[in-house]
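*Asks:* If you want the building blocks of each chain, they are given just below.
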Amino acid sequence: MAKVVVVTSGKGGVGKTTSTAALGAALAQSGKRVALIDFDVGLRNLDLVMGAERRVVFDLVNVTQGVAKLSQALIRDKRLESLFLLPASQTRDKDALTEEGVASVIARLREKFDYVLCDSPAGIERGAQLAMRFADEAVIVTNPEVSSVRDSDRIIGLLDSKTLKAEQGESVTKHILVTRYDAARASRGEMLSIDDVLEILSTPLLGIIPESQGVLRASNVGSPVTLNEPTNAAARAYVDAARRLQGEDVPVVLPVEKRGLLNRLLGRRVA
Amino acid sequence: MSLFDLFKRRRSAPVARERLQVLLAYERKNRNQPDLVAVLREEIMAVIAKHVQVSQEDVRITMDRGDTTSTLEIDIHIPNASGAAAL
Numbered sequence: 000m001a002k003v004v005v006v007t008s009g010k011g012g013v014g015k016t017t018s019t020a021a022l023g024a025a026l027a028q029s030g031k032r033v034a035l036i037d038f039d040v041g042l043r044n045l046d047l048v049m050g051a052e053r054r055v056v057f058d059l060v061n062v063t064q065g066v067a068k069l070s071q072a073l074i075r076d077k078r079l080e081s082l083f084l085l086p087a088s089q090t091r092d093k094d095a096l097t098e099e100g101v102a103s104v105i106a107r108l109r110e111k112f113d114y115v116l117c118d119s120p121a122g123i124e125r126g127a128q129l130a131m132r133f134a135d136e137a138v139i140v141t142n143p144e145v146s147s148v149r150d151s152d153r154i155i156g157l158l159d160s161k162t163l164k165a166e167q168g169e170s171v172t173k174h175i176l177v178t179r180y181d182a183a184r185a186s187r188g189e190m191l192s193i194d195d196v197l198e199i200l201s202t203p204l205l206g207i208i209p210e211s212q213g214v215l216r217a218s219n220v221g222s223p224v225t226l227n228e229p230t231n232a233a234a235r236a237y238v239d240a241a242r243r244l245q246g247e248d249v250p251v252v253l254p255v256e257k258r259g260l261l262n263r264l265l266g267r268r269v270a
Numbered sequence: 000m001s002l003f004d005l006f007k008r009r010r011s012a013p014v015a016r017e018r019l020q021v022l023l024a025y026e027r028k029n030r031n032q033p034d035l036v037a038v039l040r041e042e043i044m045a046v047i048a049k050h051v052q053v054s055q056e057d058v059r060i061t062m063d064r065g066d067t068t069s070t071l072e073i074d075i076h077i078p079n080a081s082g083a084a085a086l
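Residue numbers (numbering that gives the first Met the number 0), protein chains in the order written: chain A, 0 to 270; chain B, 0 to 86.
Next comes chain B alone, as it looks inside the complex:
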């Protein structure tokens, strides 16, 4: 590694510190209680199942936890009722 690389490279320890802070804050908060994502996921699935029939494969759930906000993305492929009727 040259001296030039030293200046060019963004220091990685601050990145590590920030990643750990976000992750551990989340994990500590959830340590002694049911996993919020798991609860949300189950209840949302139950609501959907009450109204439309979808199989588990048609549901994609993705998560991205940020420092201040997180996104829970639920992508449900609902079978097209009119298409099925036309058959």
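Here chain A stands alone, though its shape is the one from the complex:
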């Protein structure tokens, strides 16, 4: 029986899709069967980040409307055989998804997978609410920056009121994933610290993903960063976060800036 995890944030551009791909791949690399669902109907991108954009035949809306079977729509990753993607529709509008349809798809995925990761669209409206509706757990992707933290707080409010678990008197287990963390700027006091973020949101930390050029390179080539550059600092942080998501006790280390010889010789630039 799968655990259903929504990857959400409220704010756009903070790294939901990148994080869904990287966490999903890390879970699959540890032997779990993982399904990733793109809920961003009309503006799908998880297929592109996963490098499956040329292989999409059916999508989530097709499955909820009975045009395609779930097994036909799931795209198996070419690198990891236990990793699957259910793409969003690019041509429909966002109202094409119904709650009953999503409920049925998630119920069927629960039987076949260990983890179902739902990549939420930005915003707090219907699409975002459907993505979180059936979640057991939530990964709230947050940048150490004021508007992102504020939007994460809104999303936490929705997770505590609009999800099925909340309506049944239970609660969705919430985790904060801080992304685009810049150690140098944090040490100079120019960026909200991790403690600030966690204190404001009073939600436990799943991991800290350092700002890394490896993340951009990975999406350029269409491969989750944990697969594309396994030794990269961001990739290792995602692998640790995936282990924590599975309940392992992995200590969180603050990413420190590794400076190359050239940087050290030139000295630190004032930002």
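Just so you know, the hints here were simulated from the structure itself, not pulled from any lab data. Since this is a predicted model, take the numbers as computed values, not measurements. One or more of the hints may lead you astray.
Okay, the calculated bits of chain B under chain A, using three or more residues with CB under 8 Å as the criterion [said to hold, decoys possible]:
{"no.": "1", "region": "18-26"}
{"no.": "2", "region": "33-46"}
{"no.": "3", "region": "52-60"}
Here are the simulated distance ranges between beta carbons [claimed, not checked]:
{"no.": "4", "chain 1": "A", "residue 1": "168", "chain 2": "B", "residue 2": "49", "range": "22 to 28 Å"}
{"no.": "5", "chain 1": "A", "residue 1": "192", "chain 2": "B", "residue 2": "29", "range": "46 to 52 Å"}
{"no.": "6", "chain 1": "A", "residue 1": "183", "chain 2": "B", "residue 2": "35", "range": "45 to 51 Å"}
{"no.": "7", "chain 1": "A", "residue 1": "12", "chain 2": "B", "residue 2": "20", "range": "18 to 24 Å"}
{"no.": "8", "chain 1": "B", "residue 1": "65", "chain 2": "A", "residue 2": "160", "range": "45 to 51 Å"}
{"no.": "9", "chain 1": "B", "residue 1": "29", "chain 2": "A", "residue 2": "70", "range": "22 to 28 Å"}
{"no.": "10", "chain 1": "A", "residue 1": "66", "chain 2": "B", "residue 2": "50", "range": "19 to 25 Å"}
{"no.": "11", "chain 1": "A", "residue 1": "66", "chain 2": "B", "residue 2": "49", "range": "15 to 21 Å"}
{"no.": "12", "chain 1": "A", "residue 1": "167", "chain 2": "B", "residue 2": "63", "range": "42 to 48 Å"}
{"no.": "13", "chain 1": "B", "residue 1": "67", "chain 2": "A", "residue 2": "229", "range": "30 to 36 Å"}
{"no.": "14", "chain 1": "B", "residue 1": "63", "chain 2": "A", "residue 2": "146", "range": "51 to 57 Å"}
{"no.": "15", "chain 1": "A", "residue 1": "229", "chain 2": "B", "residue 2": "50", "range": "48 to 54 Å"}
Ideal Cβ placement from N, Cα and C applies to all residues, glycine included.
Given chain A's structure and the hints, the job is docking chain B onto it.
*Replies:* Same frame as chain A, now just chain B:
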């Protein structure tokens, strides 16, 4: 990252550029008309259904769009009539 890595690593931006060009060319062309793959899929299924009874689960459709050519692969498992008759 060492200097050595810089030389060793294939630059990723050209890969991104090429992937986007292929994808966007396809999406722009199809933006205001019915999805060709969807149309093909439905018509092919209708033709098959006219002659043999197959359930939807017995049909696997895969797609791989390339720059110049694409492949649409349709894999249909047709129930063996003689096997059924032997029962």
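*Asks:* A separate judgement is required for each hint: does it hold in the structure or not?
*Replies:* Taking the hints in turn, this is what the structure says about them:
no. : hint                      : in the structure
1   : 18-26                     : holds (count 4)
2   : 33-46                     : holds (count 3)
3   : 52-60                     : holds (count 5)
4   : A:168 to B:49: 22 to 28 Å : violated (53 Å)
5   : A:192 to B:29: 46 to 52 Å : holds (47 Å)
6   : A:183 to B:35: 45 to 51 Å : holds (50 Å)
7   : A:12 to B:20: 18 to 24 Å  : holds (23 Å)
8   : B:65 to A:160: 45 to 51 Å : holds (47 Å)
9   : B:29 to A:70: 22 to 28 Å  : holds (25 Å)
10  : A:66 to B:50: 19 to 25 Å  : holds (21 Å)
11  : A:66 to B:49: 15 to 21 Å  : holds (19 Å)
12  : A:167 to B:63: 42 to 48 Å : holds (43 Å)
13  : B:67 to A:229: 30 to 36 Å : holds (33 Å)
14  : B:63 to A:146: 51 to 57 Å : violated (40 Å)
15  : A:229 to B:50: 48 to 54 Å : holds (50 Å)
Checked against the numbered hints given earlier, the structure breaks hints 4, 14 and satisfies all the rest.
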